[in-house]
Each structure stands twice: as C-alpha cells, then as structure tokens.
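*Asks:* Protein chains in written order, with my numbering: chain A, 1 to 219; chain B, 220 to 652; chain C, 653 to 1040.
In short, the hints are calculated from the structure, not lab data. Cβ coordinates follow ideal geometry from the N, Cα and C atoms, glycine included. Worth double-checking, as some hints may not be accurate.
[What the hints assert, rightly or not] If you anchor each label on the Cβ, the simulated ranges turn out as follows:
#1 C:Gly882 to B:Phe314: 43 to 51 Å
#2 C:Glu735 to B:Leu480: 31 to 39 Å
#3 B:Gln348 to C:Ala844: 46 to 54 Å
#4 B:Asn474 to C:Ala708: 47 to 55 Å
#5 C:Ala665 to B:Arg556: 42 to 50 Å
#6 B:Phe222 to A:Arg214: 39 to 47 Å
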Amino acid sequence: MKKTVLETKGLTKRYGSVTPLDSIDMQVREGEWVAIMGPSGSGKTTMLNLLSLLDSPTEGEYILDGVATATLAEKERVAVRREKIGLVFQQFHLVSYLTALENVMLAQYYHSMIDKDDAMEALERVGLGHRTDHLPSQLSGGEQQRVCIARALINQPAIIMADEPTGNLDEANEGVVLELFKELHREGRTIIMVTHNPELADFADRVVRLHHGRIEKDA
Amino acid sequence: MFFLMLRQSFFRGRKRKALATLTIVLSASLITALMNVSIEVGDKMAREMKSYGANINMVPKSEAIPLEIGGVDYNPLKDRVFLNEADLPKVKEIFWHNNIVGFAPFLKTPVELNGKKGCSLIGTNFDRQVPIAGDEEFRTGVKTVFPYWQVKGEWPAEEAGTSGNGVLAGATLARELGVKPGDRLTVKAAGDAGREESFVVTGILTTGGAEESALVAPLPAVQRLAGMEGKVQSLSVSALTVPEDKLSRKARQNNEALDSLEYDRWYCTAYVSSITHQIEEAIPNVTARPIWQVAAGEGAVVNKIQLLMIVVTIAAFIASGLGISSLMATTIMERSREIGLMKALGAADWEVYLLFLSESAFVGVLGGLLGCVAGAGLSQVIGLSIFGSYVSFSPIVVPVNVAVSVLIALSGSLMPSRLITGLYPAEVLHGRR
Amino acid sequence: MAGGKRSDTTKNAMFLRIITKSLKVRKNRVFITFFSIMIGAAIITALASVYFDISAKMSRELRAYGANFFIGPSAASGSRTVEAATIDNAVEMVPADKLTGASPYVYGVVRLDLGNAVMTGVDFAGLRRLSPYWQVEGKWITADFDDESCMIGKTLAKNMELKIGDSVTVMRNETGFQKSLVVKGIAETGQAEDEQIFVNLPLAQKILGMEGKANHAMLSIVTEGTDIDGLAKRMADSYPGLDAKPIRKVSSSEGKILDKIKGLMAIVAVIILTVTTLCVMTTLITVVSERTREIGLMKAIGADDREIVRQFIAETLVIGFAGIAAGLVVGFLLAQVLGHAVFGSAISLRLIVLPVTLIPSVAAALLAAVLPVRMAVRVVPAQVLKED
C-alpha cells in the first residue's frame, strides 16, 4: 500500500453561525485521484481552500505530507504550499501583465530559482509551445487554463489541487484539460479535484460526495 | 430601478467611495480655506500695515505756507489757524467710521527749556478714551496711530499726577541735554510773558522723525502752557483703506467728472481719497490729506499679497482638480468589468454614463459640502495663527466650491467612462482589454 | 540545476522583468500614478520655491514705503551740512544690488513771486526710485543737468497760483541769485514735500550758495539679507562726521510685515503640502487596492509577504521618482509663472526645495503603496480569489 500524503481529522470551518464544513475525516494516498463532488453550497470549495492552505480551519487537524499544518504560522503555510501544492483555479487567475511564459516562471521565482527552459518545456507539454509570449488577455479560456496547469506543475508538487478546472471551458478545451489530468495521473501524481462534472469524476479513483458540509459518501 | 442601482453601487463600493469622497473633501477644504483667506487677506494685511503709522493728515484750511526745515520753523510769526479739539471725535462718525483705527492730535509750541531757547514742545494724546456715540470704549492716541514709536522708560499719564505732568524727551534732545528718565524739567513758553510749568521726564522717545529733537507731553498741559485751550494744530488719522485704482485716481483728479453712479461707488469704497473727502465734509474748515508714503505704499504691498494669494489659490485649485480627476479615473477603470456586464445586459451607453456620472456628481456634492465645513475650520486656523483674528466666511465660497467639486468629479469620470463604454462587453468581461 | 550564483542573477532578472512588465502593460494605471505624483510634487516644489523667495521678493516690494535709511551730519560735528562727496562715498558702502534708491537733500528758504518757500535740491533719478509713492501731475525731471525746470509741492502750487508749464522766479536774498524756472510737475505726498519746491541738486547748491554741500541723504535699502544696523555702525565708523541710522518708522514696520507675510505663506504652503500629499496618497491607495486579487494569486502560488511588498515598493519607487523628477521640473516652471504673475521677476532655484519636495512625496508614495499591500497580504487568499 502506498503511503498517505494527506490526512484530516475533524476538519471544521465556521463563519459565525454558518458551518460550511463540519468534521471531515479523510485520507488520501500517494498517486490517488480524488474527485470531490456535491451540490452548490455543500462545502467543496471551502474544503479545497483548507486542503490547499489558502484558508485555515476553525477546528481539526490536517497533516500534509507528514507536516501538521494546524499550528503553522502564515509564513510557514506559504512555504508549505509553495513546496507541496500545485493549484489550478476555475477562473484561471493569471497575472494579467505577464506573458504565459512569465506566469509560469513567476511560480519558479517564488519557489526557488528560474529556469526558462523548464518553463518552456512545461508550456510545450500543455501544448502551448507556440504561445509563450502572449499576455493572458490574448489567450483563450482553454489556453489560459493550460497555462495554469503548467504553472501548477512547474515546481514538481506532491499534490495537484484543482477547483472546477473545466468549469469555464467549452467541450473541446475540456477534453484537452482532461487529457492533461489523465496523463498526470498516469505519471503517478496525487490529484484532488473539485468538480460538478460526472464525466470528469468517472476518471477519478475515488469520489467523495459532500452534503451540507459533511461527507455523504466516500467510494 | 435606476435609483436602486445607484444606491446599490454606491454602497457596494463603500470603501472606494469613501476614499474618493475623502480626497474631494480634502481638496475642497483646501480651496475653501484659500478662497476665504484670499478674500480677506487684503483687509487683514491692511490692518497689519497700520504699523507704518497714520495715513491721513488733517490740518486747518490755511493760506500760510510753513517754512520748516528739519523741525526748525523759519516763519514762526505767520498767522496761525487751529482745529477745535471738540470737533475731532467727528472723524469717528463718518460713513467709514469703522475703518478709522485711531487718531492723534498734535499741538507744537516753541519753548525755553531750562533757559535754552528754540526748543519745541509737542502736545498729543498717548492712549486716551474718546467719547464717541456708539463706541464708549474707543481709546486712541499715538500708541495706536504710531506703533513704531519706542519709549525707553514709561509712557506719561494723560492727566497730571501727584508729581506733576509727565513728558517724553526725544532721543536727540535727551542726548544734547543729558536728560534721563526721572529728571525734572522747567519749561517756559517762548516770549517774554510766557507761562512756566514743570515736567517730569518719564521716558526717552525714539521715532526716527522730528519728534526726536522735541519734548512730547500730554495735550492739555501743552494747551495750558501755550494759552491755547481746546486747540490743536493737526490730527494724524490711521484708517483702513483699499488700494487706489482707476476710479479713485479719476476722483482725485476731478471730483466733478464722476457721474452719479461712479460717485456713489467711490464714496462707498474705503479709498483713502473718499475717506479724506468724508472727513472734510464732517468737519468744517479742515483739509484732510492722504500721507502718500503710507497710503500708496500700503496699496502696493496689499495688492501684491492679494495677488499672491489669488495666484496660489488658482495653482492649488488646478492641482487638486487634476488630482481628483485622476482619482475618479482610477475608480471608474477599476469597474470596467461592471460596465461590461451592464452593457451585456443591454444597457445603452447613456445609461452607463448616467449611472457613473450621477455617482460622481453625488460624491462631488458630498465632498464639496464637507470640504466647505472643513475649509471654514482651516481658514480660521490660518487667520488665528497669522493675524490673531477670525477670518469671516464668505458665502460665495460654498456654491463655487460645490460646483467646482462636481465639475471636477464629472470631468474625471467622463474620460475613462468613455474609454470603457467604447469597448465591447466581451472584451471587458473576459479581461481582454 | 544551475549554480547558486547564476540562479541569483536570474532571480534578480526575473524581479526586474516583473517590474518592467507591470509598468509597461498596465499603462493607464501607471500613467495615472505618475501623473498624480507629478502634480503633487509640482505644486509642492512651486510653493516651496515661492516660500523661500518670498522674503527677498516682498522686501523689495516694501520699498514702496520709501526711504528707510538716513545719512546726515553727526551731532558732534555741530554742522548742519556735510560734503556731498562724503555722502556719495558712504552710499557706495551699500551693496549695489541691495540699494533701491538714494538721494542727497539740500534745503534753503527762497523767495518766489508770491512769497517765501523752502527749496529742496535732490537727485531726481534717485528720488524717483526712493519715493515711488509720490503722486505727480505733469512730469518728473529726468535729466540731472536740467537747470531750467523745477517740481513743486501741491499746497505750495495752489498758494502761489502755479500750474504746470508756468514760470516762476526764484530768488535767494543771501546770495542775490535769481533765476526763472519752468514748473514741470506738481507733486503730492501729504507731508512736508507738499510745501516745497524741488530742483536738481547742483542748481540748488548754486542758488543757496552751498556748493558741494548737502544737508543729508535718504536711502532705500532692501533689508532682507542685509544687516542694516551693522551697516549703520560701519558707516559711522568709516566717516566720523556722519550720522547714519535706519529710519525706525519704516525699517521696524518692515520687519513686522515681512514676518506676517512669511508666516502666511508658510502656513498656506504647509496646508497645501499636507493636502496634496494626502490626495496623492488616496489616488495611489486606490490604484494599489485594485490589485488585491493579484496579491491573493501571488500568495496562492507561493509568494511570501515580503516578496510582494518588495515588488510593490519597487514599482512605486520607479513611478515615484519619475513623477517627482517631472514634478520638480514642472513645479519650478510653475514657480516662474507665479513669480512673473505676482512679482514680475523670476523665482530663484534653491537646493532646499529638493528635500522639501522629495521627502513628503517619496514618503507619501511609499506609505500609499505599503498600506494597501499590507492589508491585502493579510487577507486570506481564498477570499480574494473567490470574489469575482
């Protein structure tokens, strides 16, 4: 059995009287592809934000790749995120004034060192070798999302986390992005993906269904 | 619906709106304060300029020409005409009585001092209460009119005290005679049958003028000594005036040449020439002449300061206008996505304009009004710290300020709104801009 | 991978690249930031320049009040006159650029057609600069060799029934000198001058039999930057027969008025400086706040706070210094416009203006950049990124 890269115990998030996420216990093993599904407002995005350390839980434990993150300071959380997590967003989120290549290099820059060739290679891999010098506004939605994926991969993270990565894409682009994720899975990467799309979920090893902030089904 | 949107969009971006309003408030308060001060600075500085001394000299109408060189009269036997001391308070009852800061009467008589001939004794008021209808507390004298007179020692009392009359000795005279404060002097009116009186020197007077080689004593004592009770020779008047201009020059050349409208305007403006004219009307048989050294010098300096303030105000005005414009431009640019959405939902360009411009206008009015309040306070700070008095608030500042704030806010919004409404909604919505 | 050294240079290169790109691509915002900093710096520069020059400028304006310095025979000499040449030498001691005007005076009683009057001999060119407040009808005497003309006080003119262009016969009993002069101008001052008749100094000396002599001299000296009391003392020391002193009436008032004007200008300048600085700050805060989402994204992909703050400070400094440099130039030009509009002369460039402009501008720009960035980095990235 492969080792556990991610484990939560009683992970809870509260905003005043609202509890979008309530006592989540979950384990993810290395190389697993987990899809998190559920209706709107079931706590999917909150959960991903907690798992990706973009937000901190109100209660509970969260061990990421052997590091207990609940007690970390903001600065250390940034460092852990930088080292271990690659993020892909639904709204792409690229720095508007940097080119595709520079957006990828930005992740290298914050992580450790710049290697332009590596960045080029990452873009080529997502099929954007010919559009490296374009600004985000000059790229289509699918292309922007592929730049995001290239950026998420560039620092060889332990886990890739994606929030509705195909939510804003048309069918053709969805196919391209899905292929990329399949390939990453074949390479043995751990993937945690929030999605609405059952087709996407079909490729996952495991589907976690959330309802009202609790795990309804984990299979 | 429009108002709903306006309200929503206003309150949604509250922080940003607050920042924009704050900037407008700051600029508007700056402009308010500067405008207020510019309007008042002439009056304020004119009052400061009173430290140069009297600007009007009033003498009896007379045909005689004095032949005086350096305080020595070469024609002492000429016919003398005098002013009646009782007439003097009338100066404070003319149309521009509020502008009369003070006056000091003078009576000069030749005396023998401790047996030395050819000295002058000058009688005047130092700081006397003058009964004026409507202003019981009016005090005046050389202390008010000639603030640059310096006394080493004490000023004499207006009335004779227990040790007799006090007197100031001019610095030059004191040096010649070796007089110091506390000395007693015997003064005898010139001529064989002259009366004699004893004075105590209370202080040494420095003025830089002819008074330095004379004795200066309270008026009643000098009148008694000279046998001229109730008479004075001249009156120095210190009046707040406005600088000369074309109209007053025309009036001075020939009073008759003014038409009635011009005459009224001239008469009701505090020109030094209209004030002298009014003094001559109020008191018969006197000539009131502007002392041009003070009157014209004051005009030149006050004009400069006023001009300086106006130019500085205009510069600040333009700068804050540009500042607000650029701020409004950023707030609009920030919302390009929203504009794209509105257009995508079918809003016409003018509807987009209307929403944004009414928001800006609202911010402008609010900022302008608050700015007026803050500016009124700010102008008091300036007034109190520089002139030690309040600056009156000119109502004209309010509409000007609000109108200008709105105009600036609108012009700042118009440019970027145009830029953004010109785009296709898709470009903006997808951040392709 | 690459060695430490190389990675450093490429990291720096990347940093530069981010900054340049951010400045180059976000043209509108960069321009607005630049523009508002420039306006702020310009107005501060202009006002500071005017403020530091105001004393010198107003001191010259106050010369409208006429003579503020007197040179005459000393009391010890017992004489009522001095050699005109001695006075000329004493006047030379005043620095030329500080001397607004000077004239010697000689007095004597003469007989006119209808009565006696005091005749005054002066240097008209000097007198005109000395006493700009004279109200003259007709013309000033311009040539100093003109011994056919005179100017006459208003009261005297009225009493002697003289008008411009009339001739008047001047006679001095003691010397028996007699000459007919043309009235060129009638002067009014409201003081003793109204009863006097004025001619050129050499002519008066001849008429009065006082060749080479003068009773005293009046000077108008710019007091700003001049030690007027020290000057008086040096003059009296160099020429023991002379009494040199400031005229209190004018010189002491001048100090008071100058202080007022300086105070007024200072408080106005400080208020404008503060308000302008605040305005620039609010604009900059708006521009930076707009980038909250970008900051959230940077954090999400692993930037630590320091890194982000560093980038924003660097950007602000680049725009800020460009804006301030432009503002200094524009502001100095603006000061010249102000100077010419108000005083009709240029405002001099002073080094002190540089820090006065630089410090508040840079401080405002930095504060305006750091404040919103600090606020933004504290926000949990999830919240920022979710907002659309």
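*Asks:* Look at each hint and say if it fits the structure.
*Replies:* Checked hints:
1. C:Gly882 to B:Phe314: 43 to 51 Å: For Phe314 of chain B against Gly882 of chain C, whose Cβ atoms are near 48 Å apart, the range 43 to 51 Å holds.
2. C:Glu735 to B:Leu480: 31 to 39 Å: 58 Å, violated
3. B:Gln348 to C:Ala844: 46 to 54 Å: 31 Å, violated
4. B:Asn474 to C:Ala708: 47 to 55 Å: 41 Å, violated
5. C:Ala665 to B:Arg556: 42 to 50 Å: Violated, at about 33 Å.
6. B:Phe222 to A:Arg214: 39 to 47 Å: 44 Å, holds
Figure legend: structure checked against the earlier numbered hints; hints not met, in rising order: 2, 3, 4 and 5.
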